[in-house]
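Chemist: Okay, here's what each chain looks like letter by letter:
Protein chains: 2
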Amino acid sequence: MSTETTTKVAPRRARGEYAKTRARKMAILDAALEVFAESGYRSGSLKEVATRVGISEAGLLHHFPSKVHLLEAVLEHRDDLARERFELDGDDGAATLRALVDLATYNASVPGVVELYCVLSAEAIAPDHPAHDYFVTRYVDTREMIASAFRQLQDAGRLAPGADPHRAANATIALMDGLQLQWLLDRDVVDMARELSDFFASFVEGFRVAEPLDGITR
Amino acid sequence: MSTETTTKVAPRRARGEYAKTRARKMAILDAALEVFAESGYRSGSLKEVATRVGISEAGLLHHFPSKVHLLEAVLEHRDDLARERFELDGDDGAATLRALVDLATYNASVPGVVELYCVLSAEAIAPDHPAHDYFVTRYVDTREMIASAFRQLQDAGRLAPGADPHRAANATIALMDGLQLQWLLDRDVVDMARELSDFFASFVEGFRVAEPLDGITR
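So the sequence lines, in the order shown, correspond to chains L and F. Going by the numbering used here, the first sequence opens with residue 4, and the numbers climb by one from there. Going by the numbering used here, the second sequence opens with residue 4, and the numbers climb by one from there.
Derived from the structure by calculation, the hints contain no laboratory data. Where hints are given, some of them may not hold.
Residues from chain L that face chain F, not an exhaustive set, calculated with beta carbons under 7 Å [stated by the list, open to error]:
{"id": "1", "residue": "V122"}
{"id": "2", "residue": "Y142"}
{"id": "3", "residue": "A172"}
{"id": "4", "residue": "A174"}
{"id": "5", "residue": "L182"}
{"id": "6", "residue": "L184"}
A quick note: this is a predicted structure, and the numbers were derived from the prediction, not measured. Cβ atoms here follow ideal geometry from the backbone N, Cα and C, with glycine treated the same way.
Let's have the full structure, built from the sequences with the hints guiding it.
Modeler: Quick look at the structure:
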């Protein structure tokens with residue numbers, strides 16, 4: 004009987020601990036996203052992130068052993084938030100493309116995070132970089148997600164003749180990444196969302212971003 | 004008379020010194036380009052560069068005070084070589100676009116240099132980075148060079164209706180930069196020259212890269 008009780012209580016405690024650890028990690032990631040968005044990738048300090056969560060820097064390092072580990076987790080967290088906020092993987096290809104344009108608009112409001120992504124993705128080219136595998140996987144997944152949207156549009160007869168969903172996905176990602184770099188170097192020279200939208204319109208029949216009346220503010 | 008001789012000799016000596024320094028610097032840049040192309044941006048060492056030129060590391064640091072200074076100079080040197088090798092700023096817009104496609108083909112043969120460019124341009128987003136001003140200026144110049152090519156094509160009636168030379172230049176640069184990043188992460192997933200060529204063909208009437216018979220191997 005007492006054994007049974009222990010058996011029953013233990014998992015409950017473990018779940019409690021797990022939930023607590025998870026909540027703490029999420030709080031750290033939210034704070035880190037804020038700090039890096041405000042101060043940029045290099046200046047944003049672990050100490051500042053820890054302070055906002057109300058823990059010590061050592062406490063933070065218990066969850067994320069180094070700044071690079073935290074940065075990678077922040078980017079994953081950003082991806083999760085983007086998937087919650089924007090309809091990126093539904094079965095309506097045009098909606099996915101519109102969501103990508105909305106994402107570009109949103110990105111323009113968080114330059115620190117975009118810079119973090121831009122620098123870390125370039126540094127992670129090196130196979131021994133701690134975030135290398137994360138970026139390789141991320142590009143494979145993103146490519147497949149966007150190619151799937153183009154395939155849906157192709158099936159609906161809306162893709163220009165000769166356009167290839169897989170290659171169009173590569174070009175879309177390239178354009179988004181490249182526009183970010185130019186925009187970070189000079190905010191006035193390029194409108195990321197507009198360029199992306201026009202690119203889609205150039206080979207997707209009838210593509211247009213939703214009207215403001217649809218309830219989306221941009 | 005003797006004063007006159009001195010006056011005549013002194014500048015000749017100065018020119019000799021200048022030419023020697025310049026030759027030494029060029030030799031260092033050629034060696035550095037090789038080393039970074041072979042070993043990549045991080046692993047390529049100043050010591051290895053110095054050894055290839057037959058000087059000491061201290062001797063190298065006399066010409067380039069830090070690795071970042073050398074890296075920036077290597078990129079400028081690469082730009083100079085590209086301008087010599089490819090017809091990037093002539094008055095034939097289509098030839099300029101073809102030269103950009105040729106440049107993308109060439110870049111695929113020097114991944115170490117492309118990686119150097121990719122990482123350094125991202126890190127140089129930070130306004131206090133030693134290569135920041137170089138990249139800002141480089142993007143302004145490159146944008147103007149490509150926009151000029153598109154304006155020539157527009158004047159010749161070859162640009163699709165609604166296409167804007169300045170914005171097309173931004174998109175071209177973004178596509179080139181973004182394709183490089185994807186290609187560096189996975190060489191098999193993308194053909195940089197082909198994607199760029201198809202992009203031009205999508206809004207430049209009659210655009211095609213030169214036939215192999217024209218003497219260009221690709």
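Chemist: Each of the hints needs a verdict: does it hold here or not?
Modeler: Here is how each hint holds up against the structure:
For V122(L), the shortest C-beta to C-beta distance to chain F is roughly 5 Å, which falls under 7 Å, so the interface hint holds. For Y142(L), the interface hint holds, since its Cβ comes within 7 Å of a Cβ in chain F; the closest pair sits about 6 Å apart. Evaluation of the A172(L) hint against chain F yields a violated restraint, the C-beta minimum of about 10 Å exceeding 7 Å. Among the interface hints, the one on A174(L) holds; its C-beta lies about 6 Å from the nearest C-beta in chain F, closer than the 7 Å criterion.
With a cut of 7 Å, the hint placing L182(L) at the interface with chain F holds, because the nearest CB-to-CB distance is about 4 Å. Against a cut-off of 7 Å between C-beta atoms, the interface hint on L184(L) holds, since the closest Cβ of chain F lies about 6 Å away.
Hint check: a violation occurs at hint 3 only; the rest are consistent with the structure.
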